[in-house]
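Enquirer: What the sequence shown shows, in my numbering, is residues 1 to 238, in sequence order.
Any given hint could be a false lead.
20 Å max Cα-Cα, derived EDC-like pairs, lysine to aspartate or glutamate [as the list claims (entries may be wrong)]:
{"#": "1", "residue 1": "K23", "residue 2": "E35"}
{"#": "2", "residue 1": "K48", "residue 2": "E60"}
{"#": "3", "residue 1": "K94", "residue 2": "E66"}
{"#": "4", "residue 1": "K70", "residue 2": "E43"}
{"#": "5", "residue 1": "K56", "residue 2": "E66"}
{"#": "6", "residue 1": "K94", "residue 2": "D68"}
{"#": "7", "residue 1": "K201", "residue 2": "E90"}
Hints are computed from structural coordinates only; laboratory data are not their basis.
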Amino acid sequence: MVNGRIPSVFSKTYVTPRRPYEKARLDQELRIIGEYGLRNKREVWRVKYTLANIRKAARELLTLEEKDPKRLFEGNALLRRLVRIGVLDESRMKLDYVLGLKIEDFLERRLQTQLIIKHESNSLLATAGIQTLFLIDCPIKTKKNYDVQECAMLCTNVFFQAGHLSVRKLALNVCLVLVDTTVRKQVVNIPSFIVRLDSQKHIDFSLKSPFGGGRPGRVKRKNLRKGSAGAAPEEEED
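Whenever a hint applies, use it, and build me the whole structure from the sequences.
Expert: Take a look at the structure:
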């Protein structure tokens with residue numbers, strides 16, 4: 001019997017390097033993974049593939065005349081998109097500047113990176129609770145070459161997996177799960193989520209999170225129960 005379902009066809013999200021053992025590229029990818037706390041090299045390749053497509057579109061538009069309708073329409077749409085996500089500055093809204101974009105420009109707009117920047121600006125990372133949580137779950141805490149800030153960047157995935165991050169975002173195409181980080185009251189648990197400029201100020205902990213004033217965590221509730229159980233016999237003796 002022939003299966004009548006249409007097979008799922010997915011587009012490419014990344015391209016593997018042609019030279020897998022190129023030393024300069026390997027060193028660069030390792031530095032980027034450690035600096036931005038990426039999970040694996042596929043995340044680097046995914047951003048490179050996106051950047052390559054954007055630069056390819058810009059090069060094709062630059063071959064057309066300046067007054068060409070296609071260049072005006074598609075070029076302005078591309079520039080507005082890059083400005084909206086914070087990759088390109090409004091003072092550099094020209095196709096020539098698109099060719100100068102780097103992979104770091106896109107990695108700076110990831111939710112994981114923006115969360116660390118927001119915590120540093122609000123002096124929240126310096127608090128003992130945040131530092132302790134980062135260092136307890138940090139897989140590289142035994143290495144002496146990393147400080148608290150770098151450990152926090154490399155271990156932000158722990159927050160997403162444990163459900164302590166939320167991102168309020170204007171768009172609706174976000175992954176909604178019951179975790180602790182919200183963007184415009186919409187919960188996002190994807191570290192590679194690209195944060196728009198208008199959503200950047202709305203990154204916060206969810207109201208249901210222990211870090212946002214919600215219900216205490218499992219360990220804290222257990223300790224509270226132990227404390228209340230130990231206080232009951234003392235009252236009976238009195």
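Enquirer: Next, verify each hint and record whether it holds.
Expert: These are the hints, each one checked on the structure:
no., hint, verdict
1, K23 - E35, "18 Å, holds"
2, K48 - E60, "18 Å, holds"
3, K94 - E66, "11 Å, holds"
4, K70 - E43, "32 Å, violated"
5, K56 - E66, "17 Å, holds"
6, K94 - D68, "15 Å, holds"
7, K201 - E90, "18 Å, holds"
Hint violations for this structure: number 4 only, all remaining hints satisfied.
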